[in-house]
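For the protein sequence lines, the chains are A and B, in the order given.
With numbering that gives the first Met the number 0, the residue at position 38 of the first sequence is 37, and numbering never jumps.
With numbering that gives the first Met the number 0, the residue at position 272 of the second sequence is 271, and numbering never jumps.
Hints are computed from structural coordinates only; laboratory data are not their basis.
Don't be surprised by glycine CBs; every beta carbon is placed ideally from N, CA and C.
Some hints could be false.
Unchecked claim - Taking lysine-lysine and the DSSO-like style, the derived pairs with C-alpha atoms no more than 27 Å apart in a straight line are:
no.: 1; chain 1: A; residue 1: Lys166; chain 2: B; residue 2: Lys160
no.: 2; chain 1: A; residue 1: Lys194; chain 2: B; residue 2: Lys262
no.: 3; chain 1: B; residue 1: Lys383; chain 2: B; residue 2: Lys79
no.: 4; chain 1: A; residue 1: Lys31; chain 2: B; residue 2: Lys47
no.: 5; chain 1: A; residue 1: Lys122; chain 2: A; residue 2: Lys158
no.: 6; chain 1: A; residue 1: Lys31; chain 2: A; residue 2: Lys4
no.: 7; chain 1: B; residue 1: Lys175; chain 2: A; residue 2: Lys31
no.: 8; chain 1: B; residue 1: Lys47; chain 2: B; residue 2: Lys175
no.: 9; chain 1: A; residue 1: Lys192; chain 2: B; residue 2: Lys7
no.: 10; chain 1: A; residue 1: Lys194; chain 2: A; residue 2: Lys5
no.: 11; chain 1: A; residue 1: Lys166; chain 2: B; residue 2: Lys163
no.: 12; chain 1: A; residue 1: Lys39; chain 2: B; residue 2: Lys437
no.: 13; chain 1: A; residue 1: Lys192; chain 2: A; residue 2: Lys122
no.: 14; chain 1: B; residue 1: Lys392; chain 2: B; residue 2: Lys175
no.: 15; chain 1: A; residue 1: Lys166; chain 2: A; residue 2: Lys4
no.: 16; chain 1: B; residue 1: Lys49; chain 2: A; residue 2: Lys31
no.: 17; chain 1: A; residue 1: Lys194; chain 2: B; residue 2: Lys161
What the hints assert, rightly or not - Using C-beta positions, here's what the derived DEER-type ranges look like:
no.: 18; chain 1: A; residue 1: Val119; chain 2: B; residue 2: Thr281; range: 36 to 44 Å
no.: 19; chain 1: A; residue 1: Lys39; chain 2: B; residue 2: Lys1; range: 50 to 58 Å
no.: 20; chain 1: A; residue 1: Thr183; chain 2: B; residue 2: Ala310; range: 53 to 61 Å
no.: 21; chain 1: B; residue 1: Thr300; chain 2: A; residue 2: Lys65; range: 47 to 55 Å
no.: 22; chain 1: B; residue 1: Lys365; chain 2: A; residue 2: Ala62; range: 53 to 61 Å
no.: 23; chain 1: B; residue 1: Glu359; chain 2: A; residue 2: Ala63; range: 57 to 65 Å
no.: 24; chain 1: A; residue 1: Lys192; chain 2: B; residue 2: Thr281; range: 53 to 61 Å
no.: 25; chain 1: B; residue 1: Pro306; chain 2: A; residue 2: Pro152; range: 29 to 37 Å
no.: 26; chain 1: A; residue 1: Pro198; chain 2: B; residue 2: Ser46; range: 29 to 37 Å
no.: 27; chain 1: B; residue 1: Ser46; chain 2: A; residue 2: Asp53; range: 34 to 42 Å
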Amino acid sequence: MEAYKKHESIAALMRRSNVDTDQIIPKQFLKKVERSGFGKHLFHDWRFNEDGSDNTDFELNKAAFKGAKVLVVGDNFGCGSSREHAPWAIEDYGFNTIISTSYADIFYNNCFKNSILPIVATKEQLAKLMDEVDANEGLSFTVDLENQELITPAGNGFKFEVDAFRKENLIKGLDDIGLTLEQTDFIDQYETKHKQDFPWLWA
Amino acid sequence: MKKTMYEKIWDSHFVVEASGQAPLLYVDRHLMHEVTSPQAFEGLRNSKRKVRNPHSILATMDHCVPTKNRDLPIADPIAKKQIETMADNCEENGLNLYDMKNPNNGVIHIVVPEHGFVHPGMIVVCGDSHTATHGAFGALAFGIGTSEVEHVMATQTLPQKKSKTMLVQIDGELSKYASAKDIALAITGKIGTAGGTGHVIEYAGTAITKLSMEGRMTLCNMAIEAGARAGLVAPDQKTYDYLKGREFAPSGDNWDKALAYWKSLPTDDGAEYDTTITLNATDIEPQVTWGTSPEQVTGITNIIPAPEDFADEIKSQACKDALNYMGLEAHTKITDIPVDLIFIGSCTNGRIEDFRIAAEVAKGTKVADNVTAIAVPGSYHVKKQAEDEGLDKIFTEAGWEWREPGCSMCLAMNGDELTVGQRSASTSNRNFEGRQGKGGRTHLVSPAMAAAAASAGHFVDIRTL
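Only chain B is shown next, with the shape it has when bound in the complex (with noise of 0.2 Å):
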């Protein structure tokens, strides 16, 4: 029979159906913040479980973490709490953490990749719904609930119901300055927020083989948005030359079993998918979210559309509350939203050729008057590598602040946050009211139309510079 990857990955880790039960899956590995694992631990203590296989999880602190001043305690008690709390959970049960002081500390979705502690074919999961990140390297990757979390700990499987499977293909050449994120953001405005519930997307098509490993990981950490639980990408020789060496990745005989294995993972030839969606990477603007939801999204030489706009009802009036609470108004150019605050970083573009990219933008602009930039490095690897670079300097000297790395204003839990009214350009993957902070104004964009709005202090189309 002709499988999917997914398919593929789902049989190889199927380890039993009891009768009445869902099918149990076995898990690789499991990876974990602070924010939604303490409840998971207590569990464990109260009934007197055990972590089944510590060696299987990789733990960092990022969502509440300062991004300066990180040698004062933290001022937030119960953030305080949290991190020691994740500090003492792993010290008890004798897991790999990446504290606050670690230098492999940084966003989970960015430092599991980097100590290559993902391969193709695993089932990966973490209490973090962009955990889809990591189908990048053709791994099942998917956020879980706490309860899970627990359940993972204690037994290696969750039970799982099997999914749909949705084929994403994307041909043709990507203009420059669009990038993997803009791909993300077209399918999320295309397909809906709701348009990949109970399915697994798998990205496939020219301009998905020519995106670099950070960019495919960029487009799975988004299939999220567009519904999907998981995201994936066929592994390839990007893939294994991204890996090879890494404190993870199988070295000597291993490496060469570990490829074998790697090779026979992408879909068959002929097999089937339930859905299929296909876009023209051709067509594919610089993407500008305008709206409350990453569906209300569209190119950057396009208006605000207005809520007679969409037949649909419910459509209709999720544009007239989100003109309403971002404080727009309709048929304005997107080129004309002026901007208060940029912010490049989270597990979306928290990478170094995101500030590569966004260096080469920013380099000899000045920070537009009023306007606050930021740039957050995913990691203390990508912050050593951008300076190594000299990025660090160019932001600067552009006006930008090059701070410690976090999820930061990603979710806004460290104190890192938008004041009421305040409009941001944003290279993180929500912009869900409140997300950035209360009465907060999110755009989501590129890091290069983000590094580009922030001297503009508008939007622009980054393809006129």
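For reference, chain A alone in the conformation it holds in the complex (with noise of 0.2 Å):
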């Protein structure tokens, strides 16, 4: 996994709620069996008309949000499917942090395998930093996950909270089944345990 940096990236604005995962990642292109390759998917109903053009009212097919790193948008992002092709889509158009003030569960955790930085922001955080990008569309935010801060142009930045463990794997971008393999010792003994406790789960 790609290791999370310190960054300085535009900022794009999506003022939607209850974003779910069937519009990041509509269900016709998940029948791929290979892990790459959805970014060009992404928001796919959305983001083209039925020609397959551009949709010029979708906002991040606006100019000034080209290239951005940081995607800022409204409550309870990523609901619905488990759908990891999601964050898949997400990461590969380019994102690498998220800032709302809620997302789905399995989502937020889909976010940490992906090199994803999911921030949680107040309603009056959030509400501040849209007002920012909508007066000043393209601008960039700098995120510092080592000192959990993010720095806006207006001041509008803020610290935020991400557990400590899931923070120093997204820095070092270590393989979470590489971390949980050095505890094979204790998996070998709970098991054991286990088939006592429990024998008829091994009949």
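Take the two lone chains and join them into the complex the hints point to.
Structure (structure tokens):
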């Protein structure tokens, strides 16, 4: 997994709440057996017209948001299906940071497995960020995960919370499975006891 | 210390908490389908890791499978490759797969309980958010991403953060034709799609204990629609009676040992929950969603709200956007909404009980002009049971299509889908934009309400028929 570094990047804005994973990556793109190449389908049904041309009304098609790595978006982002294709598409499109007031639990977990930092803002903090982007589309935010700080040109940034272990793994780009396998002795011990306590599961 | 059922299951599955890492929980059962697993197998292969416990896994093919002309090759080459990849991966790793031709095939969350593969007190995962279904058995069952699917295959564990607990207490008598589906929708309407975020819900109360196992599965299935990762119902005699004698259920001495353990699982009297919600079952009308989120729902005797009915600015805008997408006017009576297509099926409502009640309503009726109605059993076992009871005849004589099992129109990956502007009455779980086909308009309802809409051509209050 790619290590997450401090960066200054364009912030794109979507004033939408309850954006579900069916919108992030519609189901017709879930048939692939590969992990890559989903970015071109991100927000497909909103992003493209029937004839395949860009829908110029869709926020992310604005020229000012091209190359954005930060996505500022309304409450409860990523609700619905567990599909990891959603963060795969977001990451492949170029985002590595999302800022919202809340995320669906499975989506939130999935982000950390894909070098994406989902920042949780308060309602007031998010409203200010949205207004700041609206007033000056194309501006850049600085995201400093090490210090858990978001910095914006107008001073609407803030310190954010993130689990210590998730932060560590993101900064170092660590493989969760590798870390867990270091605990194999404990897993073996647990399993031995599990077989004694719950023999019917092993019959 | 007094514990909730969730805390008991957590404690009994705790493996270790290494310094600087999240607690590791042991996973008892791992369910799989073709859409969210291929990249996990690829990851295992690339890192030269093995499946730790192949016997913990049960796999099926459900999302992309056709529900008619099953003998023909799958027309969509990408879907065909995904199905073939699933078969190859299961073969390579020695996993139990109910493939498309297997008499046990069906939707994963229908098939797994049929075979008694999930028991009370287990931790169960699947790369599918509707894994919550299995909470009906008092198992902690939740959806995971594909990276976590790989993690569980390699280690039989998952790093987890403890959830908060939410008690949803529902007492009182449900009216005839109000069902578990209506309870699930009413809860989502009350607390919203983010209401349960960070929580595991435990459903309790007289209205819940009265539900059949099928009804409890429908209810827990939609815990995710209220934002909760998992839903739980305490195991009781109904649970034990359902499990007894099934293929993967304990037998002999093991049955007695298991039963004693299962009886220790319900929440201790006096244990505390982080949040408590109460509903009165008597107040729950048959529900119909009118928007593009499961929280945009109301009772059948109501009208569609207007954006100005919501004090919250975001909810007001969401209402406006939803009405625009759905092609509906504010303040229209729910019973005046016409429908084009009826879908009964899915992991939410594709069980035998669902087809029995729908057939009871459909019996002797005719599907309205310009309406298409399809019934898609959740598994081959449900299909056979329904056919043995003559339900398929009731549907076909009323003008319905009786299909082969699969996820079908719940998420429209297999070619069964709405066209632009088409409006469905659907027993599935999500009414998101485009979920049933780009431009399609979905109204979520119970099987009885779907069947009633089929012959009327619009929604009707099933209680008045």
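Quiz item: Checked against the structure, which of the hints given earlier come out wrong?
Solution: 6, 7, 8, 10, 13 and 24
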